[in-house]
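Colleague: Given these sequences and hints, build the entire structure.
Protein chains in written order, with our numbering: chain B, 27 to 533; chain H, 462 to 588.
Note that these hints are calculated values from the structure, not bench results.
Fair warning: this is a prediction, and the values are worked out from it, not measured in the lab.
Ideal Cβ positions, reconstructed from N, Cα and C, are used throughout, including at glycine.
Please note that a few of the clues may not be correct.
Claimed, not checked - Interface residues of chain H toward chain B, partial, derived using beta-carbon atoms under 8 Å:
#	residue
1	474
2	475
3	479
4	490
5	498
6	507
7	546
8	547
9	549
10	556
Claimed, not checked - SDA-like mimics (lysine to any residue), calculated; alpha carbons at most 20 Å apart, straight line:
#	chain 1	residue 1	chain 2	residue 2
11	B	200	B	214
12	B	224	B	244
13	H	523	B	342
14	B	200	B	244
15	H	523	H	556
16	B	421	B	515
17	B	421	B	523
18	B	200	H	523
19	H	523	B	345
20	B	421	B	255
21	B	97	B	511
22	B	224	B	345
23	B	224	B	342
24	B	200	H	572
25	B	200	H	479
26	H	523	B	515
27	H	523	H	572
28	H	523	B	346
29	B	200	H	477
30	B	200	H	470
31	H	523	H	552
32	H	523	H	477
33	B	224	B	283
To be verified - Simulated restraints on C-beta separations:
#	chain 1	residue 1	chain 2	residue 2	range
34	H	545	B	346	31 to 39 Å
35	B	106	H	463	53 to 61 Å
36	B	527	H	488	47 to 55 Å
37	H	545	B	167	26 to 34 Å
38	H	536	B	496	21 to 29 Å
39	B	121	H	487	33 to 41 Å
40	H	560	B	41	20 to 28 Å
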Amino acid sequence: MAGSIVHGADGRPYPPGDYPVVVVGSGPGGVQASHCLSGLGIRHALISADPAPGGMFRRFPFFQRLLSWTKPHAPYPHHSREYEWYDLNSLVSDEPGLRAVMPPIMDGTSDFPSRPEMEQAILTFAQRAGVRVRQDCRWESTRREGDRFVLVTSDGEYRCRAAILAVGVAEPWKPPTPGFEAIAHYAETRPAATYAGKRLFIVGKQNSAFELATGLLAWASRIVLASPRPAGFSINMHSLSGIRARYVQPREDANLGNGVFIMDASIERVEQVGSTFRVHTRDSLTGEPLAVEADEVIAATGFQCPLQDLASLGVSVFGQSRLPSMTAHFESATVPGLYFAGTIGQGVPGLRRFGIGPNSGAVHGARYNARLLVRDLATRHLGLEIPRPSIAPAKLVGYLLDEVSSAPELWNQQGFLARAVIRAADGSTRDEGIVPLADWVDRSGPDGVAVAVETDERGAIHPVAYRRSAGRVSGESPLPPHPLHDFRTADHQRLMSEVVSAFAGSP
Amino acid sequence: MTLFSDLGPAQLAEAAHTFSEESYPADQRILRQGFTGSGFYVILEGQVAIRIDGQDRARLGKGDFFGEMSLLLAEPPVADVVALGPLRVLHLADRDLREFLERHPAVMYRMLQTVARRLRNANRWQG
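Modeller: See the structure below:
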């Protein structure tokens, strides 16, 4: 029965067996994917090695506050779709009653939820949405049998036509630098008080490094952050891939010479000297060596994707994080039928116009990606037809301007997701839904237009329309920015009318 | 990789951290003819086709780079660059290329050499 939960003799859901789809992981990616599958009536199993839902938020971030906000007071009501732009942490649903789970859980002391609040929000969403998980069920290996994937787990074998892996980018990684075997990884950071009075050396200058530095400012006697390239800050980069605003304090301290030092240097080796360390560095620009004494050294050098034995099935991976190579719909580029949800989705670059990438590594990006991948899986692998509602041509301009003004998908995944409308074979205008922008731009298809929200080379946020004609998108139609992001002005209506009239007739 | 062959170990490490690694499936466009906001790419693995108005004009492979003309001239690319198979590249955003080249004149010189070679070959072809 579509969408129903199968229980085994032990009362636990989803006993080993044959399912159309198996989802692995009970973090936000897995729970969101499961909810989206149920929304389309697709029977599936959701399994996880963890004892409870929450994924990485059961443990990280160390210093207990998230990077992304949920604003309790916003211009839109909590259970509206538009409010999702003001709530970066709740999972999403088409059912209003399942939206905005996070705000009532927060204690009101900050618009950045605490780690336990986030963990609770994922659990609460799962409970309210009826998402059940077979916990303590570890995915161990994988093989192909005919048209089925076989996932071997600690509980037995699961067969499926398609699998969604939402296992995070959670395996600590350290480079093979001499001496690094003796230093701690970010994941092994101890309670802050244990660093009191210590000289701390942090390898890395990404968010995790600055998170540690921020959390330990009140404890360490000196903090050095070092990595080869200069630190990039989100406020300069117009992208959340940079160091987030909440972690800028160490930079200010470094500017004031107040016990924090930020070096652009490679780390050549770490030498253990009794109970302390000597970190041998080399300046990136001058090549000058410098040895830095430290009581504690922490490698904030990133994580890898725990993809088990998927390489043996032909899944290609890339980069230090060993992310899988994926299509625009988060399917393995080399093994069709294997999809990736959650933070792994950051491996899909999108258009990256002006260097700005998507927010797929965060919940507020990944939650929409999950919808896209489930829809792709459902139509391509399970033969489901998803209805496309028609839109009256006279309403098209207003609809598209409303979308670029307030659609949470377009604002949370700027330059990556778009709203698309097409002229169908019967001559009607149809809503294609939210689509990956790169796929719209590169894939041939019926005439239509997709709209996205983007940041231009000067840092201004504005709408951009991409019109497809005779099977291809030949360029972009940028609409002007507005000081208050009001994209419903007469000027915007006129410009959007010009874009739309070419395929939908004069509105 | 020729472009970076004059860099010392510390500078190489900086370059490695400055570029981001990306992966593209076969047939995926990386540069798009006529679209603004593209980047600079160095091929780590795989091949790309330089495609103008649907016609393949050249191929690039491991160690080659593309995207620099568009960024240096601040104009949209005049060609599509399309992955001919699974492709791994190093990517540098538009805004970061100038700073990177100014920090590493040896890379700029290598890039100039390649651009000059491509111009010479284009002139020969047209002649």
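Colleague: Hints first: check each against the structure and report whether it holds.
Modeller: Right, here's what the structure says about each hint:
1. Annotation: residue 474 (chain H) was flagged as interfacial toward chain B, and the flag holds, the nearest CB pair being 4 Å apart, inside 8 Å.
2. Residue-level restraint check for residue 475 (chain H) holds (minimum Cβ-Cβ distance to chain B is 4 Å; threshold 8 Å).
3. Checking residue 479 (chain H) against chain B by beta carbon gives a least distance of about 5 Å; that is within 8 Å, so the hint holds.
4. Evaluation of the residue 490 (chain H) hint against chain B yields a held restraint, the C-beta minimum of about 5 Å falling below 8 Å.
5. A hinted interface residue such as residue 498 (chain H) counts as satisfied when its beta carbon comes closer than 8 Å to some beta carbon of chain B; here the least separation is about 3 Å, so the hint holds.
6. For residue 507 (chain H), the interface hint is violated, since its Cβ never comes within 8 Å of a Cβ in chain B; the closest pair sits about 10 Å apart.
7. Nearest Cβ of chain B to the Cβ of residue 546 (chain H): about 10 Å, over the 8 Å cut. The hint is violated.
8. Satisfaction of the interface hint for residue 547 (chain H) is found here, the shortest Cβ-Cβ separation to chain B being roughly 6 Å, below the 8 Å cut-off.
9. Hint status for residue 549 (chain H): holds, given a least beta-carbon distance of 5 Å to chain B, under 8 Å.
10. Among the interface hints, the one on residue 556 (chain H) holds; its C-beta lies about 6 Å from the nearest C-beta in chain B, closer than the 8 Å criterion.
11. At roughly 12 Å between alpha-carbon atoms, residue 200 (chain B) and residue 214 (chain B) fall within 20 Å of each other, so this suggested pair holds.
12. Of the pairs offered as hints, the one joining residue 224 (chain B) and residue 244 (chain B) holds, with about 11 Å between alpha carbons and a cut-off of 20 Å not exceeded.
13. Taking the CA atoms of residue 523 (chain H) and residue 342 (chain B), the gap is about 17 Å. The hint holds against a cut of 20 Å.
14. Among the hinted pairs, residue 200 (chain B) with residue 244 (chain B) is inconsistent with the structure: their alpha-carbon atoms are about 26 Å apart, more than 20 Å.
15. A threshold of 20 Å between alpha carbons decides the hint, and for residue 523 (chain H) with residue 556 (chain H) the separation of about 24 Å lies outside it, so the pair is violated.
16. Distance restraint check for residue 421 (chain B) and residue 515 (chain B): the Cα-Cα separation of roughly 15 Å lies within the 20 Å cut-off, and the hinted pair is therefore satisfied.
17. Using a Cα cut-off of 20 Å, the hinted pair residue 421 (chain B) and residue 523 (chain B) holds, with the two alpha carbons roughly 11 Å apart.
18. For the hint linking residue 200 (chain B) to residue 523 (chain H), the alpha-carbon distance of about 27 Å lies beyond 20 Å, and the restraint is violated.
19. In summary, the hint linking residue 523 (chain H) to residue 345 (chain B) is supported, as the alpha carbons are separated by about 16 Å, within the 20 Å threshold.
20. Annotation: proposed proximity of residue 421 (chain B) to residue 255 (chain B) is violated, straight-line Cα distance about 50 Å (limit 20 Å).
21. For the hint linking residue 97 (chain B) to residue 511 (chain B), the alpha-carbon distance of about 18 Å falls within 20 Å, and the restraint holds.
22. Note on residue 224 (chain B) and residue 345 (chain B): the hinted pairing is violated, with a Cα-Cα distance of about 34 Å set against a maximum of 20 Å.
23. Taking the CA atoms of residue 224 (chain B) and residue 342 (chain B), the gap is near 42 Å; set against the 20 Å cutoff, the hint is violated.
24. At most 20 Å may separate the alpha-carbon atoms for a hinted pair to count; residue 200 (chain B) and residue 572 (chain H) exceed this at roughly 32 Å.
25. Between residue 200 (chain B) and residue 479 (chain H) the alpha-carbon distance is near 18 Å, which keeps this suggested pair within the 20 Å criterion.
26. With a C-alpha separation of about 49 Å, the suggested pair residue 523 (chain H) and residue 515 (chain B) falls outside the 20 Å cut-off, and the hint is violated.
27. For the suggested pair residue 523 (chain H) and residue 572 (chain H), the alpha carbons sit about 15 Å apart, so the restraint of at most 20 Å is met.
28. The hinted pair formed by residue 523 (chain H) and residue 346 (chain B) meets the criterion: a straight-line CA distance of about 19 Å does not exceed 20 Å.
29. Taking the CA atoms of residue 200 (chain B) and residue 477 (chain H), the gap is about 15 Å. The hint holds against a cut of 20 Å.
30. Distance hint between residue 200 (chain B) and residue 470 (chain H) is fulfilled; the C-alpha atoms sit about 19 Å from each other, no more than 20 Å.
31. Between the alpha carbons of residue 523 (chain H) and residue 552 (chain H) the distance comes to roughly 14 Å, so the proposed pair stays at or under 20 Å and holds.
32. For the suggested pair residue 523 (chain H) and residue 477 (chain H), the alpha carbons sit about 16 Å apart, so the restraint of at most 20 Å is met.
33. The straight-line distance between the Cα atoms of residue 224 (chain B) and residue 283 (chain B) is roughly 18 Å, inside the 20 Å bound, and the hint therefore holds.
34. Between residue 545 (chain H) and residue 346 (chain B), the C-beta spacing of about 25 Å breaks the proposed range 31 to 39 Å.
35. Taken as a hint, the range 53 to 61 Å holds for the pair residue 106 (chain B) and residue 463 (chain H), whose Cβ atoms sit roughly 55 Å apart.
36. Look at residue 527 (chain B) against residue 488 (chain H): about 32 Å separates their beta carbons, and that is not inside 47 to 55 Å.
37. Here the CB-CB span from residue 545 (chain H) to residue 167 (chain B) is close to 33 Å, well matched to the stated 26 to 34 Å.
38. Our hint of 21 to 29 Å for residue 536 (chain H) and residue 496 (chain B) holds, since their Cβ atoms are close to 24 Å apart.
39. Taken as a hint, the range 33 to 41 Å holds for the pair residue 121 (chain B) and residue 487 (chain H), whose Cβ atoms sit roughly 39 Å apart.
40. Remark: the range hint 20 to 28 Å for residue 560 (chain H) to residue 41 (chain B) is contradicted by a beta-carbon distance near 57 Å.
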